[in-house]
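Once you've looked at the hints, dock chain S against the given chain V.
Number of protein chains: 2
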Amino acid sequence: MARRSDHSREELREMALSAAEQIVLEQGYEGLSARKVAAAIGYTVGTLYLVFENIDDLILNVNARTLDRLHAQMEALQASSADSRDYLERLGEVYIRFADEDPHRWALVFEHRLADGRTVPAWYQEKITRMFAMVEDGLAPLARQRPQEDITEAARAIWGGVHGICILALSNSLGVAGVDSVQKLTRSLISNYLQGFTSE
Amino acid sequence: MARRSDHSREELREMALSAAEQIVLEQGYEGLSARKVAAAIGYTVGTLYLVFENIDDLILNVNARTLDRLHAQMEALQASSADSRDYLERLGEVYIRFADEDPHRWALVFEHRLADGRTVPAWYQEKITRMFAMVEDGLAPLARQRPQEDITEAARAIWGGVHGICILALSNSLGVAGVDSVQKLTRSLISNYLQGFTSE
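These protein sequence lines map, in sequence, to chains V and S.
Last residue of the first sequence: 776 (our numbering), numbering continuous.
Last residue of the second sequence: 776 (our numbering), numbering continuous.
Derived by calculation from the structure, the hints in this document are not laboratory data.
In this text the structure is predicted, and so the values were computed from the model without any measurement.
Misleading hints may appear alongside valid ones.
To be clear about the criterion: a stretch of chain S counts as covered by chain V if any three or more of its residues have a C-beta under 8 Å from a C-beta of chain V, and this derived list gives those stretches [claimed, not checked]:
#: 1; region: 646-656
#: 2; region: 718-732
#: 3; region: 760-771
Beta carbons are placed, not taken as given, at the ideal position from N, Cα and C, and that holds for glycine.
Pulled out of the complex, with its shape left as it was, chain V reads as follows (with noise of 0.2 Å):
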């Protein structure tokens, strides 16, 4: 079997990449391979670990490109709030949409644990606290009067409650049923957590 060689390193990455969310995005994390990645490009296991350290890596840098998609919705949205708390209310909507859209890649993102011991790069943790810093950056002009900590704390607590509605309604766990009840959902969650926590 003639074996192609006519890709550069960064191309043969960018391929197995882009594979690798396809077959993430038809058949979800456990159709997911690095057989199949391989086959799809037209390489071997081989190869593509010459790219990619391990199974690991490879996923990590699927999630990295989830994650800036999604950071991508959120600077547009920043960009096109009439004001923080407008940003905030809008921001658990895109985040709503963005899992409904793209189940399979929002899901492996958090999904995903790395083989025990070993623990997330530095280079993808700075994607996930851009994220958070996204949140915060919401929440200072609303609570001046509040120190640091308390902003970092509240960033966590609305994400990670954002996150756990889009999770139980999308597993139709909480007795609600298509996108718009879970975006009322998340509009309760905000609105009410930002009017107990900037009347303090």
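Only chain S this time, still in chain V's reference frame:
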């Protein structure tokens, strides 16, 4: 091989559920199979399926027992709480502790998906509804001017919110470590939400 037949249907059912619970406790969701449960109780898979319709039915019954344990803790908390607000704020703690102490069985409740086309049976749905009802019971006295619809929505927003913090924290996605920090986030979520919800 001599087949044991010295147990009643009810005893078999109890043995199988206990064995399944033990397997999930030790090995997680992925470790559970009809074959393993049957082996653990010394019967064949065929006998197991005289007592349970299929593996989904077995898992739903395991999950029902998990929900019963959580419900019992919620009832004890309600009985020992000073007032509704105290009760609701401590509900979050109970939930986090429950998930932290028994992560595999807790996860099985929401990670298990029925085969396509199957719906959750009414007896199981009732166990979910009963949990939300306990949150609604706590909310109602705090917001007497609110229609039932708002109480229902708030119960789901709070539950989903606590659940999300719990998931993200236990999977180390919130940048917080330790059950104490998670408890703090949960208290932040519930108390700020309640302040917003009851102030209108």
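Query raised in the report: What hint numbers does the structure not satisfy?
Result: Going through the list in order, the structure violates hint 1 alone and respects the others.
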